[in-house]
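Residue numbers (our numbering), protein chains in the order written: chain A, 1 to 252; chain B, 253 to 537; chain C, 538 to 834.
Read the hints as simulated data drawn from the structure, not as lab findings.
Keep in mind that a hint or two might mislead.
When the alpha-carbon atoms are kept at most 25 Å apart in a straight line, the in silico DSS-like pairs for lysine-lysine are as follows [to be verified]:
| # | chain 1 | residue 1 | chain 2 | residue 2 |
| --- | --- | --- | --- | --- |
| 1 | A | 72 | C | 544 |
| 2 | A | 118 | B | 438 |
| 3 | C | 638 | B | 530 |
| 4 | B | 258 | C | 544 |
| 5 | A | 120 | B | 438 |
| 6 | C | 546 | A | 87 |
| 7 | C | 546 | A | 118 |
| 8 | A | 120 | C | 544 |
| 9 | C | 734 | B | 255 |
| 10 | A | 17 | B | 353 |
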Amino acid sequence: MENPIISIRNLNLYFEKQHVLKNINIEIPHNKVTVILGPSGCGKTTLLKTLNRLVDLHDHVKISGKIMLDDKDILVPNIDVTGIRKKMGLLSQKPSPLPMTIFNNVAYGLRINGLRGKRKLMPLVEKHLREANLWDEVKDRLRDPASRLSIGQQQRLCLARGLAVNPEIILADEPTSALDPISSTVIEQQFAELKKHYTIVMVTHVLRQARRIADHIVFMYLGEVIEQGPAREFFNNPKEQKTRDYLKGAFN
Amino acid sequence: MRKLLKTLEERFFFVLMAGSTAFLALLLLMIITIIVYKGLPSLTWEMVSQTPKGGYYFGREGGLLNAIIGSLYLASGAVALSLSISLPLALAMNVYFRNRKKLVNGIRFILDLLWGIPSIVYGAFGFTIMIYLGIRASLLAGIITVSIFILPIMVRAMDEVMKNVPLSLLESAFSLGSTRREVAFKVVTRQCFPGIITAVLLAFGRGIGDVAAVLFTTGYTDNIPTSLMDQTATLPLAVFFQLGSPIPEVQNRAYAAALILTVIILAISVATRLLSRKFHKTSIK
Amino acid sequence: MYNFVRKTKDTISEAWVKFVLMLIFLLPLVILASLLNKSWMVIQTSGIGDLLFSSVWRPMAGQFGFKPFIISSVYVTVLGLIITAPVCLLSAIYLTYYGSKRMTAFMQPIIDILAGIPSVIYGVWGVLIIVPFTGRFLAPLFGYESTGFSILSGGLVLAVMLIPFILNILIEIFRTVPHEQMEASLSLGASKWESIKHVAVRRSLPGIVSAFALGLSRAFGETIAVLMVVGNVVGIPRSPFDTGYPLPALIANNYGEMLSIPMFDSALMFAALVLLMVVVCFNLMSRYVIIFMEKRQ
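Let's have the full structure, built from the sequences with the hints guiding it.
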């Protein structure tokens, strides 16, 4: 692959004595939607959270291998973790807005980067809320606590909040699993729009969703990568037996 | 016949259980009634607006203002000092060192231990520290002692709330590139704000009501303290000392002091309750 | 510039957090060391055995036998626990298994307020109600002569103060009994009371024991309320209607004179050390029981 933005080499992860990720090798292409596909409990979410070192929040985790981002290994201990995390926005399964107003949720990331003053913040907040297709719904209630929004709106707020940090990559962990069908569609449409400027890595176990939006597929099963490649090839011409079983719905 | 015995046994214990529960409610009613009944007749405006005058301890003029103000100073000072330790500690357990289970369990163990130590031992400890540092009995010495005594109470209360902060909130805050300080002091502190206030009120109530920890350390004076190095009176000390007096007027003032103290404690309890109700309405679940 | 400020703030707060962490690990050691250091003098001159088991209490002559105080403390504490135990257990069962939602919602604030009342208020209440009650009613009833300032009054006041403390722990423990187990017992045809007796109580037994152990250690250190009703006369009490002089009361009553008599301060710090050790031991024990219980599940 030419210039992958992330390449993972020989990644192993143990949680306590459990071998969660087994010798993972993946390349993630630039400005595409890469979908990590697989049945529940196969290590997809762990993989995603290893990418921005959120696994650091847990005890008894042992990692070996390399994750290269812009030719730098992000798993070395002394690296600036906050810097890496800034490059990757995270959208989790259930939206978790920060305990503050709608405006401040988006402004939070701008502020920790040193931007101050409402006059400077406002246009950027508006821009990112528009990017997440939320602006029209909240422009009159920016001072409301974020917890008052509907779940679907909260998820788009989280998207806007992530975009405000100016990431290169968006990590999305089953971002539509808690949403109603309409909100899900809105998020999927936004992804198609956003991939012009961002690399998107999305975890899902919903085959149809993967078919709809993936450019590139990584198929995982029980902590191992079974197959990866361009989406068209993966769906039309799978090479591995396990992939064919999965696509037929043998284990879901 | 056996069945009848069984039913009788169940009835018997049911009555006993309901009775002992009702007894609890009666008990509280009884305690508050007697404190109000004894305290109210002596609780004049003079009591809450004046310091003791000459001959006060023989039943002449004066009031309890020194003890009221002293108590408020002492409890506020101790809570403020304790907060500067307990908040970072609770955040250390739930944000900074969240991934170090053993360390966090070690801290919880020590807190349990400290929490069990009686206040008289803290008083004795404060006294040895005082001698060691060469400070005399003073507001400052009292504040330090009480702040140590309420420390485990505060941290445990905050820890209880912070434990329940969903992991996903921490994750999203970290993914935005926040440092541990920002997650701790901007996100978690804000999310747990009502819980922190509850912890503060709880500790304030404990601090203002305790005698044994301040008996050695604050001294006692008829004046309102003007500096941290002054001695100070407190309400519970006022109750304790004046109740021991043989003069009925002075004893009555002990009851008045007890009533004021009870009212303060009840007010704190009501405030805590209202706050937690409000918290349940707006928290992010 | 901004990044510099942010870094500095991070560094400072990180350092403060680490300092606080160190402080909390040191605190128990410092408390122990300072009390031990202060009481070292009296331990060296009199020896631990004499201090704990001698009944001769003559501070002026440098003789410090703590036996009367220790006996008083144990007497008051055990009496308090015996009185409070059935009330706590019965109310806890009632509130967890019989009381309606509204009932629990009504009782919880009452328990919380009882827990929050300062001990000096319990003391005032004890002086006004319990002392006359023991002196004028209970003592004649059992054929004793008493002013009412007695071990029994101390025990009664302690019993009341322990209620909210123990009750809250017990309720917590009963709530951890899985519903399925109760339901299993009920569906075998056992009555509710039988299920409680054989499933809930039996299962929670270690927890109940440790709740009482915690209550015991809390009672052992309670100072002011007990001091106010127990009489404070040095001597080994022979009946519950005798006066007593528990350890915490001894410390609290003598803080004024302790620097004017040689070694007296050292002796009082020794008393505080004894209190500390007893309380910590009970604490560790109940903790061990709880861990043991969790492992068994």
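25 Å Cα cutoff - pair residue 72(A), residue 544(C): holds, 23 Å
Hint consistency between residue 258(B) and residue 544(C) [alpha-carbon to alpha-carbon, up to 25 Å]: violated, 72 Å
25 Å limit on alpha-carbon distance, applied to hinted pair residue 734(C) and residue 255(B): Within the cut-off at roughly 16 Å; holds.
Residue 120(A) paired with residue 544(C) [C-alpha distance capped at 25 Å]: Between residue 120(A) and residue 544(C) the Cα gap is close to 23 Å, so the pair holds against 25 Å.
Pairwise hint evaluation, residue 118(A) against residue 546(C), where the allowed Cα distance is 25 Å at most: holds, 23 Å
Given pair status - residue 87(A), residue 546(C), alpha carbons within 25 Å: Since the Cα atoms of residue 546(C) and residue 87(A) sit roughly 22 Å apart, the hinted pair holds (cutoff 25 Å).
Given hint residue 530(B) paired with residue 638(C) - CA-CA distance at most 25 Å: Holds, at about 20 Å.
Proposed proximity, residue 438(B) with residue 118(A) (alpha carbon, max 25 Å): holds, 19 Å
25 Å limit on alpha-carbon distance, applied to hinted pair residue 120(A) and residue 438(B): Satisfied, since the Cα-Cα distance of roughly 21 Å is no more than 25 Å.
Restraint status (C-alpha distance of residue 17(A) to residue 353(B) at most 25 Å): Roughly 16 Å between the alpha carbons, so the hint for residue 17(A) and residue 353(B) holds.
Consistency with the previously given hints fails for number 4 only.
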